[in-house]
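Asks: Residues per chain, in single letters:
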Amino acid sequence: MPDLSKLLPPPMRRPAKPGEGNGNGGNGNGNHPAIEKAKEAPADLVGWVDERMGMSGFMTGALLRKVPKGTNWFYTLGSATMFAFVVQAVTGVFLAMYYVPSPVEAYESITYLTNEVFMGEFVRGMHKWGASVMVILVFVHMARTFFFGAYKYPRELNWVIGVVLLILTMTMGFTGYLLPFDQRSYWATIVGVNINGTGPVVGPYLSDFLRAGPEFGATTLARFYAIHMLLVPGAIIAMIGAHLYLVAKLGTTVPPWMRAETKSKASREKKVG
Amino acid sequence: MAENGTDIPDGTVAESAGSGLPEMKPAGYFEGETMTRRAAFSAGGQALGGAAGLLIIGPATLFAAAPIFDQPEETWEAVGSVEGFTADTYRSVVITIVTGIGEAGKTTVYVREGSPETYDYESAESYIAVSTRCAHLGCPVRFVQAAGNFICPCHGGVYDFEGKVIGGPPVRPLDRFQTRVTNGQVEIGPRYSVTGDLDPVRARDPGEFTGGIWEYLFPPRPSTAPAPPS
Chain A
1 MPDLSKLLPP
11 PMRRPAKPGE
21 GNGNGGNGNG
31 NHPAIEKAKE
41 APADLVGWVD
51 ERMGMSGFMT
61 GALLRKVPKG
71 TNWFYTLGSA
81 TMFAFVVQAV
91 TGVFLAMYYV
101 PSPVEAYESI
111 TYLTNEVFMG
121 EFVRGMHKWG
131 ASVMVILVFV
141 HMARTFFFGA
151 YKYPRELNWV
161 IGVVLLILTM
171 TMGFTGYLLP
181 FDQRSYWATI
191 VGVNINGTGP
201 VVGPYLSDFL
211 RAGPEFGATT
221 LARFYAIHML
231 LVPGAIIAMI
241 GAHLYLVAKL
251 GTTVPPWMRA
261 ETKSKASREK
271 KVG
Chain B
1 MAENGTDIPD
11 GTVAESAGSG
21 LPEMKPAGYF
31 EGETMTRRAA
41 FSAGGQALGG
51 AAGLLIIGPA
61 TLFAAAPIFD
71 QPEETWEAVG
81 SVEGFTADTY
91 RSVVITIVTG
101 IGEAGKTTVY
111 VREGSPETYD
121 YESAESYIAV
131 STRCAHLGCP
141 VRFVQAAGNF
151 ICPCHGGVYD
161 FEGKVIGGPP
171 VRPLDRFQTR
181 VTNGQVEIGP
191 RYSVTGDLDP
201 VRARDPGEFT
211 GGIWEYLFPP
221 RPSTAPAPPS
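Residue numbers (this note's numbering), protein chains in the order written: chain A, 1 to 273; chain B, 1 to 230.
Quick caveat, the hints were computed from the structure, so don't treat them as lab data.
Quick caveat, the model's predicted, so the values are computed rather than measured.
Where is the CB? At the ideal position from N, CA and C, for every residue including glycine.
Hints are not guaranteed to be accurate.
Anything over 12 angstroms on all C-beta distances counts as not near chain A; from chain B, calculated [to be verified]:
#: 1; residue: Phe30
#: 2; residue: Gly80
#: 3; residue: Ala87
Under 10 angstroms between C-beta atoms, here's a sample of chain B residues computed to sit facing chain A [said to hold, decoys possible]:
#: 4; residue: Ala66
#: 5; residue: Gly100
#: 6; residue: Cys139
#: 7; residue: Cys154
#: 8; residue: Phe218
#: 9; residue: Ser223
#: 10; residue: Ala227
#: 11; residue: Ser230
Turn these sequences into a full structure, and let the hints steer you where they fit.
Replies: So this is what it looks like as structure tokens:
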């Protein structure tokens, strides 16, 4: 097996122990210098980039940060949610290659990409079911944060950002639901827009904004499409960036069942003595 | 460093708090200034950047919100000759309320002749066009002949023959369309909403109250046609 540590830029590598290696990042197993040089090639490439970007310190801090004792599988829910978003983003980009956001052609284009295009049903299925998976994961992640008390000081801001992400995810679900433009999409959107309209004072104008007019009209679908694939994803990416920055900056919490270190200094000293 | 007329190096002048360093006067300082050159340029630069941002965000927002202020053209559509409609029951007709979007722009309307014998405020030569859009959340209601009621499939709203709520969650009677007769043809025009007593008001979206104090929570929208005189 090749030494994978060569792929890491030098600052991220485990330091050689005394008597190990040649002090040069290599493993010093006596190969010809040319072979050693060839093995260094990937590291050289990463090193070349790192020398110019200076990212390795930041990456080391973000990826190799210390996590508290008791960290468990529940702590992967946030990553799982982000992975669900990545799946949605990737499949969505490819669905956009076939989809036509026009009231007359939308249903036809969906039928075509589902039934005629190679793997179309699978890619659309990933986007459709992935949407539900993402919403479920968002809520499970939120529940984990709540029950572990991980929203408390100094992480309140990250909770707030998370709630914004929840609302944005719901907006994605609402706007994406219309796009297949079948009977269910159409009537669900009519009802959804009218629910928005029941908000006092601003509700009626919000409905007009969403529909682009007093009735479901020619540009309603295009409007929902633009919100679904441009406006909200951009906001979600920005918010995820802020969310991850705070996670890396503040670190994660211990699970509530881990007992705090209560041994007094005196008792420890006694033990040592 | 003594360019401002204050003695600096001998330690007799005020020192900036805590730092132990002599107070530095920036270039261009004059006695009695309220804002340093640096602060003025900084504020000016930020104001310029803010103005540039508003120049982009402002028009783009108005562009997206324009349909709120845009009143569509008033359209009238003939749906059949006057002989085809009676006062004792509704006949369903299909009209186009939004053009260019195929089936999605069409809606069913229930039409009958006015019935002064049953409802004294209706006149014999007038025509009543009741919208099928449920006043709860906008699902399509159906007129059930046997019951003489309009029934909504979504959440169980029930309306009587006039369109007044007799059951379920709707907050007001069914909307209506303006009607007129031209050359013996019944024509259907803009939509309007009604209060609980069937007084016409400007068209509201489903779920919004008409009449009473709750009406003030849902102001009329400029994108709808004015209400007809009652």
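Asks: Which hints from the list above does the structure break, by number from lowest to highest?
Replies: Violated hints: 10, 11; rest satisfied.
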